[in-house]
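Visitor: Each chain is listed here by its residues.
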Amino acid sequence: MYALVDCNNFYCSCERVFEPRLANRPVVVLSNNDGCVISRSEEAKALGIKMGAPSFLFADFFKKHHVAVYSSNYTLYGDISNRVMKTIAELVPRFEVYSIDEAFLDLYEFPRHDLAELGKKVKESIIKKTGIPVTLGIAATKTLAKMANKYAKRNRKDTGVFWASNDQLIDEMLASTDVGDIWGIGEQYAKFLKKNKFTTALGLRDAPQEWVRANMTVVGQRLLTELRGMPAIQWQAEEPAKKNICTARGFGELLKTKHEVGEALASYASICADKLRKQKSCARMIEVFAETNPFRREDKQFRRSIRMQLPVATNHTANLIKQAMKALDIIYAEGFNYHKCGIVVMDLVPEDAVQYPLYEQTESAKEKKLLSALDQLNKSLGKDLVRFASQGYSKKWHLKQMKLSPCYTTRIEDILKVKN
Amino acid sequence: MNAHTLPYFTTEVKAGFPSPALDYIEDRIDLNDIFIKHPHATFIVECTGDSMIDAFIPPKAKLIVDRSLNATNGDIVLAIVNGEFTVKYLQKNSIKTKLIPANKKYQDIEMQEGMQMEVWGVVTGIMIDPRDLKTCMRW
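Residue numbers (my numbering), protein chains in the order written: chain F, 1 to 420; chain U, 1 to 139.
These are calculated hints, taken from the structure and not from any lab test.
Virtual Cβ for every residue (Gly too), placed ideally from N, Cα, C.
Take these hints with a grain of salt, some might be off.
[Unchecked claim] Covered stretches of chain U, as calculated for chain F (at least 3 residues, CB under 8 angstroms):
no. : segment
1   : 20-27
2   : 64-78
[Unchecked claim] Straight-line distance between alpha carbons at most 25 angstroms, and here's what the computed BS3-like set of lysine-lysine pairs gives:
no. : chain 1 : residue 1 : chain 2 : residue 2
3   : F       : K121      : U       : K60
4   : F       : K326      : F       : K275
5   : U       : K105      : F       : K280
6   : F       : K256      : F       : K322
7   : U       : K60       : F       : K417
8   : F       : K368      : F       : K326
9   : F       : K150      : F       : K123
10  : U       : K92       : F       : K128
11  : U       : K96       : F       : K128
12  : F       : K275      : F       : K243
13  : F       : K128      : U       : K134
14  : U       : K134      : F       : K417
15  : F       : K195      : U       : K96
16  : F       : K243      : F       : K280
17  : F       : K121      : F       : K153
18  : U       : K104      : U       : K62
19  : F       : K45       : F       : K157
20  : F       : K417      : U       : K62
21  : F       : K64       : F       : K120
22  : U       : K62       : F       : K128
23  : F       : K86       : F       : K275
24  : U       : K37       : F       : K123
25  : F       : K45       : F       : K63
26  : F       : K121      : F       : K86
27  : F       : K195      : F       : K242
28  : F       : K419      : U       : K105
29  : U       : K98       : F       : K322
30  : F       : K128      : U       : K104
31  : U       : K96       : F       : K369
32  : F       : K64       : F       : K50
33  : U       : K62       : F       : K419
34  : U       : K37       : F       : K86
35  : U       : K104      : F       : K120
36  : F       : K417      : U       : K105
37  : U       : K105      : F       : K64
38  : F       : K419      : U       : K98
39  : F       : K256      : F       : K300
40  : U       : K96       : F       : K417
Excised from the complex, chain U in its bound form:
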């Protein structure tokens, strides 16, 4: 997650002209820079269930989870409920906290007395093989 590739040229100047592009070299686009803002607080996990398919998170989707962010209302989060990991929408206001699935088959999880609920990290990216998206489509 901290790999950086820098373009590196050793120009062997033979006869002829040096490359006119040499002065204009820039770093190649690095997906890590774009999707991972806090590399040492970021983890990758894999979903195996279908409770989030309406949010386009099919089984086998890999999620980028950032622990350094504070979860806010509407975030997709990796949470721990009674000792189990789960991925859900977070609904949070001054009165109550709820975890909401993106699949009508499943019910909302409402924070209740004696229940352990904790946000482990905020989902900041979803990596999907387009072929796995089929399970998200209803036609």
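With the rest of the complex left out, here is chain F:
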């Protein structure tokens, strides 16, 4: 048996933990640069606010309905997520972090008659220790557990736990699930299935074998196996190393000089280098791009990108910045209002498998020491306190975060103040 734990309206719930006045009030959290709605409390959903709603269109609506609006505070959400995962780990040793607010639990070692109780315990323990409400779906495979979770959100609002424990419950769940809502089925595939008269998960599960063999891919058949209650998706206890890492963001305001765009790009390159070092890999290629805002009709439009092979695979901040600046030199053109730039590091190899050309000097032990000192300093003193000069100190390109909450759990100057 597997369970999927999903934090309810996670970002909104994080804000609520430290702001009791938000209880029962509609809350939304906006994406980077305060662009659009990415998390909604139940009250906000009830007001009809859609996921992805652009915030500037809704400014008046938010005010009229007393919606509490927050910029995304990923520092806070990251720490709370970590606390949630650690709490799960205390109860269920085998689990897999699926996203910032979801985890799959492997329940094979728990006796069947304990599962309902266990589900309840996980849920109660998480809300007690972290303040975050969660929903659990329990079923025979990951695909079914994911579905059971959605089912619980619709039909088990009181307990927040649904266990598809017998054939009747399983069929009921499958019958009430649209094929398009099955984990792993995209829009196109859903259309194809519906054209073939499979509208619900139940219909698809019971599809005739000949039809399946003739019409479904290997991936599709694996999914069907999962729907039929036999696990076919591999367990991934450890996060696989990423194949590409991209850091790209829109600027807080439009930038008009190469110097300013360069500062932003250097910072993004530095973030990529950090991430590379964390997963112990090096990049052999980078892609750099810069662009104007396509929604500003009044501006001349521009977008250009370039891929560059690096002479030696690297995760060194200074090297990556240097290469990114070279790339920017090539693509940058004067006379545009730049809105966004970014860097993708790709073609990654493990750190210890980097091949150095015969006459190229290796990244010396000294440089390695410098970087690990840099990482340590930034870890203990705060993000980006020590950095390469090219990252600059201009604030123009920084994210627009009008309504950012304090980093209650990671910065001592930000801790909750209690007037008592």
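Start from chain F and add chain U according to the hints.
Guide: Chain U in isolation, oriented as in the chain F frame:
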């Protein structure tokens, strides 16, 4: 809150003897281990008021708050009363629940109908700069 420092020695054995202490190395005392029993359920908050000065909680005191504990009679708790955080003594028996300040200037808060009262966490530690303690002394 989850930082651990382990003593780590690389002994360069030059001429002479290796350190006789090497076999006896222990972890250095870690305050986190002593004051924080449940790291992922523990939060730090700061007081700004004077309602708890007789409990030696002056303004600017930082409190270690553990959410995993069940509050019992006599605990100092971080509570929510009508949407506001507050720090008080909890008095709790089978009949009623009260939040009690440690400063005569303030009144007890008694749980009443239509009132929202909830314990957020139990205070398990108080960190004070001794200079701030002056406000707690009456002389």
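Visitor: Taking each numbered hint in turn, which are not upheld by the structure, reported in ascending numerical order?
Guide: Failing hints, ascending: 1, 3, 5, 13, 15, 21, 27, 29, 30, 31, 35, 37 and 40.
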